[in-house]
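Residue strings, one per chain:
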Amino acid sequence: MSYTTWSFVALIFAAVLLYYLLPKRIRWTVLLCASVIFYAAGGGWYLPFIAATVITTHIAARAISKMASRAEEYISLHREDMSKEERKAYKAKEKGRRCAVLVAVLVLNFGILAVMKYTGFTLNAVNGLLSAFGRGVTVPVPDLLLPLGISFYTFRATGYIIDVYRGKTEAEKNIFRYALFVSFFPLVLQGPISRHSKLAPQLFEGNSLRRENITAGIFRILWGYFKKVAIADTALVGVRAVISGEGFTGMYALYLIIMYSVVIYGDFTGGIDITMGVARLFGIRLEENFKRPFSSRSTQEYWNRWHITMGSWFTDYLFYPMSVSKPMGRLTKRCRTRLGKGIGMRLPVYLATLITWYLTGLWHGAGWNFIVWGLINGVIILVSRELEPLYAKFHKKFPSLDTQKGAYGVFCAVRTFLLMGSVRILDCYGDVPRTFASFGSIFYRFDTWKDLFNGSIITNLGVGVWQYVFLAAATLVVFFVTRRERDELACDKLSRKPVLWAVACTALIFVIVIFGSYGIGFDSNQFIYNQF
Amino acid sequence: MEQLIEILKELHDDVDYNECETLVEDGILNSLDIVAIITEIDDRFDVRIPAEEILPENFNSAKALWELIERLDD
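Chains as they are written, first to last, in this note's numbering: chain C, 1 to 532; chain U, 1 to 74.
Treat the hints as calculated values from the structure; they're not laboratory data. Heads up, a few of these hints could be off.
The calculated lysine-lysine pairs, modelled on BS3-like cross-linking and capped at a C-alpha distance of 25 Å, are [to be verified]: (1) C/Lys397 x U/Lys9; (2) C/Lys168 x U/Lys63; (3) C/Lys493 x U/Lys9.
Model the full assembly from the supplied sequences, consistent with the hints where possible.
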């Protein structure tokens, strides 16, 4: 069930109505039923997969929680009889047992994700190797359909069990309540990857009907549709023309970098706005996933502002545990002894960074383009880190150049935007050599510059002049609205001003109806992040 | 504590670690810095900071970090 279908709108309407009609203590069951309907509507065969994740992580979390309680009880009972060393040894032994349960359930769940998502990619790579070595055999590649939202719910569930293991969140006793946390329908398609400690209390609280939640939710949903249907889908026409057309290189590649940035921003942040808005209708405030990413002055800052919940998942559950693990500690010591303190300290951390980014790329999709995308991001971050002393010297020499203000600030933001946009086109072409060739052509196919000056870059790609005018105006509106959201979200501000809220919502509806890319025979494009 | 500030100074010598209480919040310490600090602490104090203790509140100031070291050493 896509966000851009009437059945989705009907589901929200029915769920909101029922939610506020029922007594508070059972309101969460409406959310669970809506989630099951939403998920089943995508294909009934998906359900066993998400059920397997729910059941296995629930059982394991309960087991870990009980083991931890028993260990604590034992220590408090025998504190007097045990020495500090004995207590440490006992704690370590118990932690090891809990860790074994954790590892087993993680292997199982990431195993399901790996089989469903990466079997085809892996076998195709094996076949490529066999063919390269002249073997006349090929391994049959099964056509596996990816269960809806598997990357998102697997991360949500595994994050939960790691938090239970770390004692950061309570293990949920009721499996149906836990099932709601994993499958909460606004989060299924594209996140955010919410943490149990933040989301669960809101899911089960039985929130009261409050006008500001409904008005803020409606505005945010419309704002999301505006970004998705009116901006992203309009810009997508030009992007598709460049990708599928012949000879669209040089300036067209630069056009692609800019326009695909508009597409992915409108598509993903718009989708998340709809998600946030739907959750808000039930009185639930989800963690923000974006904080004006295109204003970032550096790659590191960009990744702190774009898809924040995914970034923090990888940092908290992969990068840190890997970086501070015993093998990494041993590697650090070995590197320091052999290579000196400077390189020795950096090498293991840099290795962990690259592994994290490699897996971040792989999480986005089973393809070489995603892997290369991840690795390039990792390399850019590490190179930036290596250049930090140089930047420091530069800023010491030119203290008036402030990265946060003035022309230099704008320069830094544009530089980061173009850098990230250039890496992102790996996602457009889905083909690594073609992406590099296209990007490289910007620097030698100067003949395409004439298409920029005579205007054919505008007319060649199926997007009308007025659509570009609309895109420019709409982008400016988004820029100014998000700029004013530093302290408070636009939906919250507007919910306190009924007249302005009504005008803004009516305007958004008109713009979506008039400029949106839809109509008879046009099925609005799926959200890009749905495929992840 | 002095030894800890020495470690922190090696990363960013322009910060007043006795006063600053927003090292993570203000982006002074990034994830790479944090791992470098943890490695140094392990080396010099023989205290291993586990991943679950890597929280902004534990790294926001030299004082908070020192308290974490003392707690883990206990």
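Now the hints, each set against the structure:
1. C/Lys397 x U/Lys9: 22 Å, holds
2. C/Lys168 x U/Lys63: Given pair C/Lys168, U/Lys63 holds - Cα atoms ~23 Å apart, limit 25 Å.
3. C/Lys493 x U/Lys9: At roughly 43 Å apart (the allowed maximum being 25 Å), U/Lys9 and C/Lys493 break the hint.
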